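**Student:** What follows is each chain in one-letter form.
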Amino acid sequence: MNRVRALRRELFDIRPGEHLRTWFMFFYLLCVLFAYYVLKPVSRSMFLTKFNIDKLPSLYMLIAVFGGLFAYLYSKLAARSSLQTAVFWTLSVSVGSLVAMWMFIGLPWMVYVLNIWVSMFAIVLVSQGWLVASNLFDAREAKRLYPLLAMGMVLGAAFGGEFTNRTALLVGTRNLLLASAGMVVLAYVAVRLAILPAREKVSHARAAESGGDFSFRQMTSDIRRVRHLQVIVGLMMVMYLVDTLVEYQFQVTARQVYRGDQLTAFFGQFYGLYLNLTEFVFQLFLTAAVVKRFGVGGTLQISPAGVLLTSVATVMAPGVTSAGAVRLTEASTRYTLNRTGMELLYMPLPAVLRNRTKAFIDICVDRVSRGLGGFLLLLLTATFLHLGVKEIAMVTMALCIPWMYFSYLARKEYVSTIRKRFAARRLDFETVRVSVHDPATAGLLETTAAGDNPRQAAYALSLLAEAPEYDIRRLLRRLSADCAPEVCRKVYEIAAKLKWDGLVEGARGRPGGLAYLLAVSPERRDLARELLDDADPARAREAIEALREEADLVGELIAPEWLEENARSDDARRRALAATAIGIRGDEGTELLHRLLADPDPETAGAAVRAAGALRGRPYILGLINALGNARLRGDAIAALAAYGPSIAGSLADAMTDTALPARVRQQVPRVLKNIPDQRSVDVLLGRVDHADVSIRYSVLKALNRLRETAPHLCFDHASVMRQILNEALHYYELNAALEPFRDRRDGNYGASRLLALSIEERLKYTLERLFRLLGLRYPPKEIYSAYVAVARQHGDSATAALEFLDNVLERDLKRILLPLLDAPEHILDHGRELFGVEVRTAEEAVRELIRSGDPWLVSCAIAAAAELQFRSLAPEIALAAKEAAEEVGEVARSAEVALAA
Amino acid sequence: MAEPNIVEKVIALEGVELLRNLTPEQLARIGSIAREVRFPPGKLILEAGKAFDALYVIIEGSVELSRNGEMLYTAHLHDVLGAWALFDENDPMPVSAKTLEDTRLLRIGRDDFYDLLADNGEITAALFSTLVQRFRKLVEQP
Numbered sequence: 001m002n003r004v005r006a007l008r009r010e011l012f013d014i015r016p017g018e019h020l021r022t023w024f025m026f027f028y029l030l031c032v033l034f035a036y037y038v039l040k041p042v043s044r045s046m047f048l049t050k051f052n053i054d055k056l057p058s059l060y061m062l063i064a065v066f067g068g069l070f071a072y073l074y075s076k077l078a079a080r081s082s083l084q085t086a087v088f089w090t091l092s093v094s095v096g097s098l099v100a101m102w103m104f105i106g107l108p109w110m111v112y113v114l115n116i117w118v119s120m121f122a123i124v125l126v127s128q129g130w131l132v133a134s135n136l137f138d139a140r141e142a143k144r145l146y147p148l149l150a151m152g153m154v155l156g157a158a159f160g161g162e163f164t165n166r167t168a169l170l171v172g173t174r175n176l177l178l179a180s181a182g183m184v185v186l187a188y189v190a191v192r193l194a195i196l197p198a199r200e201k202v203s204h205a206r207a208a209e210s211g212g213d214f215s216f217r218q219m220t221s222d223i224r225r226v227r228h229l230q231v232i233v234g235l236m237m238v239m240y241l242v243d244t245l246v247e248y249q250f251q252v253t254a255r256q257v258y259r260g261d262q263l264t265a266f267f268g269q270f271y272g273l274y275l276n277l278t279e280f281v282f283q284l285f286l287t288a289a290v291v292k293r294f295g296v297g298g299t300l301q302i303s304p305a306g307v308l309l310t311s312v313a314t315v316m317a318p319g320v321t322s323a324g325a326v327r328l329t330e331a332s333t334r335y336t337l338n339r340t341g342m343e344l345l346y347m348p349l350p351a352v353l354r355n356r357t358k359a360f361i362d363i364c365v366d367r368v369s370r371g372l373g374g375f376l377l378l379l380l381t382a383t384f385l386h387l388g389v390k391e392i393a394m395v396t397m398a399l400c401i402p403w404m405y406f407s408y409l410a411r412k413e414y415v416s417t418i419r420k421r422f423a424a425r426r427l428d429f430e431t432v433r434v435s436v437h438d439p440a441t442a443g444l445l446e447t448t449a450a451g452d453n454p455r456q457a458a459y460a461l462s463l464l465a466e467a468p469e470y471d472i473r474r475l476l477r478r479l480s481a482d483c484a485p486e487v488c489r490k491v492y493e494i495a496a497k498l499k500w501d502g503l504v505e506g507a508r509g510r511p512g513g514l515a516y517l518l519a520v521s522p523e524r525r526d527l528a529r530e531l532l533d534d535a536d537p538a539r540a541r542e543a544i545e546a547l548r549e550e551a552d553l554v555g556e557l558i559a560p561e562w563l564e565e566n567a568r569s570d571d572a573r574r575r576a577l578a579a580t581a582i583g584i585r586g587d588e589g590t591e592l593l594h595r596l597l598a599d600p601d602p603e604t605a606g607a608a609v610r611a612a613g614a615l616r617g618r619p620y621i622l623g624l625i626n627a628l629g630n631a632r633l634r635g636d637a638i639a640a641l642a643a644y645g646p647s648i649a650g651s652l653a654d655a656m657t658d659t660a661l662p663a664r665v666r667q668q669v670p671r672v673l674k675n676i677p678d679q680r681s682v683d684v685l686l687g688r689v690d691h692a693d694v695s696i697r698y699s700v701l702k703a704l705n706r707l708r709e710t711a712p713h714l715c716f717d718h719a720s721v722m723r724q725i726l727n728e729a730l731h732y733y734e735l736n737a738a739l740e741p742f743r744d745r746r747d748g749n750y751g752a753s754r755l756l757a758l759s760i761e762e763r764l765k766y767t768l769e770r771l772f773r774l775l776g777l778r779y780p781p782k783e784i785y786s787a788y789v790a791v792a793r794q795h796g797d798s799a800t801a802a803l804e805f806l807d808n809v810l811e812r813d814l815k816r817i818l819l820p821l822l823d824a825p826e827h828i829l830d831h832g833r834e835l836f837g838v839e840v841r842t843a844e845e846a847v848r849e850l851i852r853s854g855d856p857w858l859v860s861c862a863i864a865a866a867a868e869l870q871f872r873s874l875a876p877e878i879a880l881a882a883k884e885a886a887e888e889v890g891e892v893a894r895s896a897e898v899a900l901a902a
Numbered sequence: 001m002a003e004p005n006i007v008e009k010v011i012a013l014e015g016v017e018l019l020r021n022l023t024p025e026q027l028a029r030i031g032s033i034a035r036e037v038r039f040p041p042g043k044l045i046l047e048a049g050k051a052f053d054a055l056y057v058i059i060e061g062s063v064e065l066s067r068n069g070e071m072l073y074t075a076h077l078h079d080v081l082g083a084w085a086l087f088d089e090n091d092p093m094p095v096s097a098k099t100l101e102d103t104r105l106l107r108i109g110r111d112d113f114y115d116l117l118a119d120n121g122e123i124t125a126a127l128f129s130t131l132v133q134r135f136r137k138l139v140e141q142p
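As you go down the protein sequences, you meet chains C and L in turn.
Counting in the numbering used here, the first sequence runs from 1 upward without gaps.
Counting in the numbering used here, the second sequence runs from 1 upward without gaps.
In short, the hints are calculated from the structure, not lab data.
Here the structure is a predicted model, which means the values were calculated and not measured.
Don't be surprised by glycine CBs; every beta carbon is placed ideally from N, CA and C.
Hints may be right or wrong, so weigh each one.
Which residues of chain L face chain C? A partial, calculated answer using Cβ under 8 Å [unchecked claim]:
| hint | residue |
| --- | --- |
| 1 | Asn5 |
| 2 | Thr23 |
| 3 | Pro24 |
| 4 | Asp88 |
| 5 | Ala118 |
| 6 | Asp119 |
| 7 | Glu122 |
Ranges of calculated distance between the beta carbons of each label pair, as one might list FRET restraints [what the hints assert, rightly or not]:
| hint | chain 1 | residue 1 | chain 2 | residue 2 | range |
| --- | --- | --- | --- | --- | --- |
| 8 | C | Ala198 | L | Ser66 | 36 to 42 Å |
| 9 | C | Glu530 | L | Ser129 | 33 to 39 Å |
| 10 | L | Val139 | C | Gly17 | 46 to 52 Å |
| 11 | C | Pro350 | L | Ser129 | 32 to 38 Å |
| 12 | L | Arg134 | C | Glu839 | 34 to 40 Å |
| 13 | C | Glu839 | L | Ser66 | 57 to 63 Å |
| 14 | C | Pro350 | L | Ser32 | 49 to 55 Å |
| 15 | C | Val352 | L | Ser129 | 31 to 37 Å |
| 16 | L | Val37 | C | Arg841 | 38 to 44 Å |
| 17 | C | Ala198 | L | Ser129 | 44 to 50 Å |
| 18 | L | Tyr114 | C | Glu845 | 29 to 35 Å |
| 19 | C | Val352 | L | Leu77 | 55 to 61 Å |
| 20 | C | Ala639 | L | Ala48 | 43 to 49 Å |
Given the sequences, and given the hints that come with them, work out the whole structure.
**Tutor:** Have a look at this one:
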């Protein structure tokens, strides 16, 4: 039963709200093709009855010329009207023309007119039908439903051919024109009903966009400008060239075997039975599955590959069987796989561009290419070349190469166009720098530096200090005489960096002056000693900070006794000084830094953490890891641990799994690893990507994503990533099944069970985020992120484009598992069952599973829900949780026991 | 009556407007720092003109809010007292609050709250989002 349901979904995945437009569009295409397959044999039979077969090439040429003209005129007229109006007039003119030709078919030139008209009929009406469809369905809907619409065409062709076969002798060839007109009327009714749900949209859509400004130049300019369109044109041209050559081979070989009525019967059997049967089977069982599995690019590759392979047979043994096989392959794939693939190829284009160009390209390229095909045939057969079927088969094979290449390009363009639809643009402010190369800029900065805004002045000074050929000393001297504290500090900082002693006089009492003197003054040693012993710890701190880069001098000035005394001081600022000094001069084997790392004062502990990071001694690692649990020390602790570099990766890996450490500490470890861009970090993180604690798993993924972005050269083991994607996907399907019995409680006036439903939903969101983060390790991270944002926010077109992007980029196995989560929410339960055997349980069983899940919050909610819903059979599980679970879960379990016992 | 468990605390906190953008699990983290306090009838919980350092959520009973002796509102189950006191350390409360009967409340202290925010960036982000929405609503009002 499940298999039948899966097969039905595979073939006809029509979702609520889509039925009306889908089936009426199906019926429209069926009617149009029915009419065409009545008209085609009628017009061909009338032509061959009236003229010799050698007149056919001239007919091809006329069709090409009139086809081009007609495409131009149609596009020009259509540009002035809405799509709805264009459909009405096209179908009305078609019916009128058919009736007129029925009346005047006796005129000598009317058979030519009929043949040219018929060649236009199918292209215009079918192209227009697909244009309506592209305005009725978005890209995702199109991918599911276009194969079904294309099946309408196949059925229409089959019924039309069979109808002609059975009625031609009964009613006469001429009267079939009226039958065809009747089908066009039915087609009009169908399309009117199809557009009812989206009448507004279709009435605003242009049949060929651009208002009254349409021109051939604009059309060709669009094609020149948009690579996507160029690929479509190239693909169509080579496809129709091959079509003409293949048809020729088939007709020549058929004529060698059959004559007269036998030939007509053979063609009738071939086109009416074999071709339509093959197309029907392709469309029913193959097209949707191929499109789903191989995407647009893969679908378009099948036809040229098939023609290439079957043409080998014609080269080896030219004859009606081999040429028939090629024709069957080419025509059947063209009307099924290629038709669907080509229509999908238009979907990512902006609607305005698509509506403006599609009809022109479809009609014009078809006709012109077939005309070119006729010309090529004349060249190959009627000139000195005199090529036979075998040689033409070789030419066909050669043409299959560019055909396949265009199919490959089509896939690339398709993905690239989708990508552009939602790609996020980011400005990296860090890269925005002002360069000072010209006197005008330098003058402006000098004015700013001397201005009233201290912040701007300090920034201007920093820019001038970096200017390569600018002597800043004169400006520094001028500003040092009278400046705001912030500017003063900058002035002395720059002068210290330059090791310029021109500002020594008067510096002592100024902001930043002491640090400057400690850097350049000849008496810096005495000054430093004096400051270190100053009663004010802030001055001692200034001295230590100024000498940070001079470990030898600090070692000389700061004795172990000084460190000991300050480290034991009651004044936290003194203890912090001691920690900072140890960071510069080293600990010399003392235990002082261990004690300072555990200091209750955050400033002291922070200084100790920074000191440990500067010393990078292994004995401090545990202290630093513990500091990760303190929000006030965390930033320094992360920087200090990261300063150890890749050699610390093993210790951090152990810390992540050490349950003796608090969870809040273990959660922070990945933040350290993300700051160590080394393969060892990646390996450690990937090894913990399946961590049982969801919050740690999330931190690990965030760290991996960051490493992927900052160090793309690192290797992210494909197998580990894939394994975890499957785990997370399974988790998603399980959570979704667990939510099912509670789905209707989300919005009701329930307590714990509503909270349980909301919490599961929240977990589903986080699981989805983790899945995308994992995808970001395998595929381009920025694009995956953009896709996630679009999907998570469900922004109409962007979400559709994102899904289409994923559909084209993800590997097949991933696509099969992940896309149903995003694209078919109403079928997730079915997919969970089919892919992982996840079954929906009763509310009681679902709660039991959640109590056993090990996720503390979900366990709490599930226990509370069990009590609320009076699930007494869960008492043993609840009793176990009351005894063994962590404090908060235990409290909930004990409350639940009381409630169940009442 | 026993101290409410974490699930009961979350259900109580769901009614707090300031916390409405938080997920149930984030509310549970706030619930973990919330402590139950009990007051007899007639007890003054907030005094107008004095600074306040916690948020209270009523989980049983009722509280009368008044200004200058004039009764303004009677707060009941899941009503919140002092929501904005969490962010505003200096401004004194404009109203007084007195229990009308035996009343149980959840108390979330400012210091614990800030420690929690330091450890949970996503809760801070959700609170910012609420504040921004509130601010935008005020700005957009004609």
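**Student:** If a hint holds in the structure, say so; if it doesn't, say that too.
**Tutor:** Evaluation of the provided hints:
{"no.": "1", "hint": "Asn5", "in the structure": "4 Å, holds"}
{"no.": "2", "hint": "Thr23", "in the structure": "5 Å, holds"}
{"no.": "3", "hint": "Pro24", "in the structure": "5 Å, holds"}
{"no.": "4", "hint": "Asp88", "in the structure": "22 Å, violated"}
{"no.": "5", "hint": "Ala118", "in the structure": "3 Å, holds"}
{"no.": "6", "hint": "Asp119", "in the structure": "5 Å, holds"}
{"no.": "7", "hint": "Glu122", "in the structure": "10 Å, violated"}
{"no.": "8", "hint": "Ala198/C to Ser66/L: 36 to 42 Å", "in the structure": "59 Å, violated"}
{"no.": "9", "hint": "Glu530/C to Ser129/L: 33 to 39 Å", "in the structure": "53 Å, violated"}
{"no.": "10", "hint": "Val139/L to Gly17/C: 46 to 52 Å", "in the structure": "38 Å, violated"}
{"no.": "11", "hint": "Pro350/C to Ser129/L: 32 to 38 Å", "in the structure": "33 Å, holds"}
{"no.": "12", "hint": "Arg134/L to Glu839/C: 34 to 40 Å", "in the structure": "45 Å, violated"}
{"no.": "13", "hint": "Glu839/C to Ser66/L: 57 to 63 Å", "in the structure": "58 Å, holds"}
{"no.": "14", "hint": "Pro350/C to Ser32/L: 49 to 55 Å", "in the structure": "51 Å, holds"}
{"no.": "15", "hint": "Val352/C to Ser129/L: 31 to 37 Å", "in the structure": "36 Å, holds"}
{"no.": "16", "hint": "Val37/L to Arg841/C: 38 to 44 Å", "in the structure": "41 Å, holds"}
{"no.": "17", "hint": "Ala198/C to Ser129/L: 44 to 50 Å", "in the structure": "35 Å, violated"}
{"no.": "18", "hint": "Tyr114/L to Glu845/C: 29 to 35 Å", "in the structure": "43 Å, violated"}
{"no.": "19", "hint": "Val352/C to Leu77/L: 55 to 61 Å", "in the structure": "57 Å, holds"}
{"no.": "20", "hint": "Ala639/C to Ala48/L: 43 to 49 Å", "in the structure": "47 Å, holds"}
Figure legend: structure checked against the earlier numbered hints; hints not met, in rising order: 4, 7, 8, 9, 10, 12, 17 and 18.
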